[in-house]
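Peer 1: Residues per chain, in single letters:
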Amino acid sequence: MDRRKIEESIFKWLMFTSTLIIIFSLVLILATVIVKGMPALNGAMITQTPKGGYYLGREGGVLNAIVGSLYLAGGATFLAVLISLPVVLYLNVYARRGSRLVAFTRFSLDVLWGVPSIIYGAFGFTIMLFFGLRASLLGGIIAVSLLILPIMSRAMDEVVRMVPEELLQASYALGTTRFETALKVVVRQTLPGILTAILIAFGRGIGDAASVILTAGFTDNIPYSLFRPVATLPLAIFFQLGTPFPEVQQRAYASALILTVVILIISMVSRILTRRFTKHIVK
Amino acid sequence: MEFKTHISVKNLNVFYGNEQALKNITVDIPGKRITVIIGPSGCGKTTLLKSFNRLIDPVDGVRVSGKVLFDGEDILDPKVEVTQIRRKMGLLFQKPYPLPMSIYDNVTYGPKIHGIRNKRELDKIVEYYLKQASLWDEVKDRLHQPASKLSLGQQQRLCLARGLAVEPEIILGDEPTSALDPKSSQRIEQRFLELKNEYTIVIVTHILRQAKRLADYVVFLYFGELIEHGPAEDIFENPKREMTKEYIKGIIS
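Going line by line, the protein sequences match chains A and B. Residues 7 to 289 in our numbering are what the first sequence spells out, letter by letter. Residues 1284 to 1536 in our numbering are what the second sequence spells out, letter by letter.
Just so you know, the hints here were simulated from the structure itself, not pulled from any lab data.
Straight-line alpha carbon distances no greater than 25 Å define the calculated DMTMM-like cross-link-like pairs of lysine to aspartate or glutamate that follow:
id, chain 1, residue 1, chain 2, residue 2
1, B, K1407, B, E1481
2, B, K1371, A, E172
3, B, K1532, B, D1517
4, B, K1523, B, E1508
5, B, K1333, A, E186
6, B, K1402, A, E186
The following block holds chain B by itself, in its conformation from the complex (with noise of 0.2 Å):
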């Protein structure tokens, strides 16, 4: 499989006050891939996974080195255009986070926000990105009513559609599924594995057979440091750390 670099991470350091979360990270990240990040929990998965849409920029106390490359342009620069960088990336939190209004106004809220106005315009991209999520059947007699009113799996799904309608290139993941039922979780799953062949997707998961399913590139962390990444066949049939190979059989987590 080839591998087209979308994101590059170099040398990245990440500080939290005195305690060092991420140390010396540096990774590409391949496009139109599913890149699954492992690693147990607290090593510094989202954290790697939220410096790539400045997240971590509102923590107190943090401070961040080193860079990371999207389209050739270093995010970290304090110059860039948050707003920017951060539209190009839809994000997934472990719990769906709707927004406090109805189906459709989650779907319109960033387009609107982008400067689409058009009514019949917006009625389109919310058909449209909610049956790329998969979720027009179940939402399309009431998408007026309130978005805390659909289920969890639902919920998450509609973020997904929300993620999508500002036409991002990427779609990042924390844990997408750990607040989901496993009927839910697989949905999402199968959504990931279709939007693939469009976007570049990035996932964080502790769950190693939710890694296997879908990664195509694997990065794995541990307590900050990046101990081993590459294709997923080589990760978990060939690993070359003796850590890779102990978290990969269950010994270490």
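Isolated chain A, as found in the complex (with noise of 0.2 Å):
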């Protein structure tokens, strides 16, 4: 066979390989959650906060920690929207083509994105101190939304760049201001693509234990202040895997499997709603 056929062939099965190893990774992941999971998942787990003794194998469940997820990455999230999208429309519609402040804008959010998320953890904890702050519902989002930030603003970002300049100009032709382009034609024509973003930071925010360990603290109640503690369900399946009764490790399996659910049931209503939005978009 000639040289370049054979490099063909090298190429193709690397290729196939690798492809296999990612699909291969998900369903092994998916699979050792499940079968491991599945056994100690009952509806206690998902309505009960843990009782006494939960972590010696008694009864009880982890809502405290999905609950307390979902206050921690909504609010996080909420958080992450209220700067992102301003500095998004600013990178895109309001600064000057090709201005420094916005390729040196664009740097930054790539070193942060790079930033691992137990120094988002350090650096909120000494934010809090600085506040007097103790380990709190409060503390855990302003971590969190630090974590998430860069993620959110270049996933929109990458999506409002790709904006025609012709579009924009289209609509400052009609005599409206920079702020009317940007809200009523620039999100309109990214409306999916910002969605995603918001969606997959929610879900990198949800996932991460790091951020939250020095931030929220832990507790086996559901948090009603912003100011108390919060379980997470990533450090309560930290907790549930260090103790050495089997069937609590197995609770954390259970505990995987519930954020897993958590996860894939957010990037299923993403994906609906980005259908639902993209009837407008001009290509």
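Make the complex out of the two chains shown on their own, each in a separate frame, by following the hints.
Peer 2: In structure tokens form, the structure reads like this:
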């Protein structure tokens, strides 16, 4: 066989194997979580908070962590949207094309994206100390929003960047301000992408353990105030896996299953929403 | 034919960074006529057109000097309220850019922003301007469908209706038929010929035959310089400059 044909078949084989590894990892992770978690998953797991001695294998569930995670990731996502959207609209609508500040902002976001989440946890912790906050829902929300801010901003930026300059000009030509154009044309045109960015960030936020370990604390109760500690699913998994009791370890997998299902639901909802909002998009 | 000046360009220079896109342009654009700006691509036609409604503003490193007088006001003056200038000039691009909303909302987008809220009034505006753009009959039963579902030719007429709905005095067209099929192009041209009784129309084109069909007044640009301008019959039948002659004969392009 000639050299080019061998090259071609090696490369084909490589691509095929790589693709297979991706699919296989997903299947394997899901299978592990399901097989190990299913037996421990019951009504009590998702409807009850831990009773006394839960971590010794007695009664209760992880409702505290489910609700806590939703509160925390929801709050952090909300906060991150409030900052991301103006940043992205500034970069793409207000700032002059090719300006240095724009390039530097994008660079900063990329660097922030690469910062490990434990650093955000530590940073959030320092901020909390400065303001005299204890480990609390608010502290966790701040740390997680810092963590997901660059992810959300850059994901939004990538879609808003695709808006053709002429579409903006078409709107300006009708005598609109930049703000009107940003809100009524740019956001509408990119709504599916913006929603996807928000949900990706939410998914990343709800699954992170390192940023909340110092900032959100942990509790067996459902928090009723921003200033109380809050439990999260990733930490619940961590604590349960850390016990010496097999039945509690199994509950960790059940918790992981719950977290996976939550994220699955979110990405499915995002798919549906995306389809719904693409109706008016100009190609 | 008599010409009454509507836009007056005086010593206009535009630089992109170190590159000079327009060199000392002085020309008067007549009112209620079709003025066609001709010249090869990349010679500053679009820049001249966009300087009329200041759409060259957001480009980084752009420098402008000179004056563009419109109703006696210098629109390049930084103190001028740019949104007020722009609403007096409708703009059509090479490719139609409908806004990401329904046909109805595309037409009412401008009027709504400028303060019209009454539903019945908006309905009237939609019908009136879609008729002016000769699109009404094709879309009257699906006004609330996405504008992006229309054909390119229909989209360009929708863009025309959308521009007219803010009651401009001037229509600017940057090669407005270049993305359209011949039939659609013809319809747009027909609209221009009818609309010139009410509006001042300025069109950029590099299609010489289109220029001949439409123009009352011609501006010939070549690499940022104004070579010649004048009434259409003079430029096409009797050009004074050698370069204009060659361009019109098709020797240079």
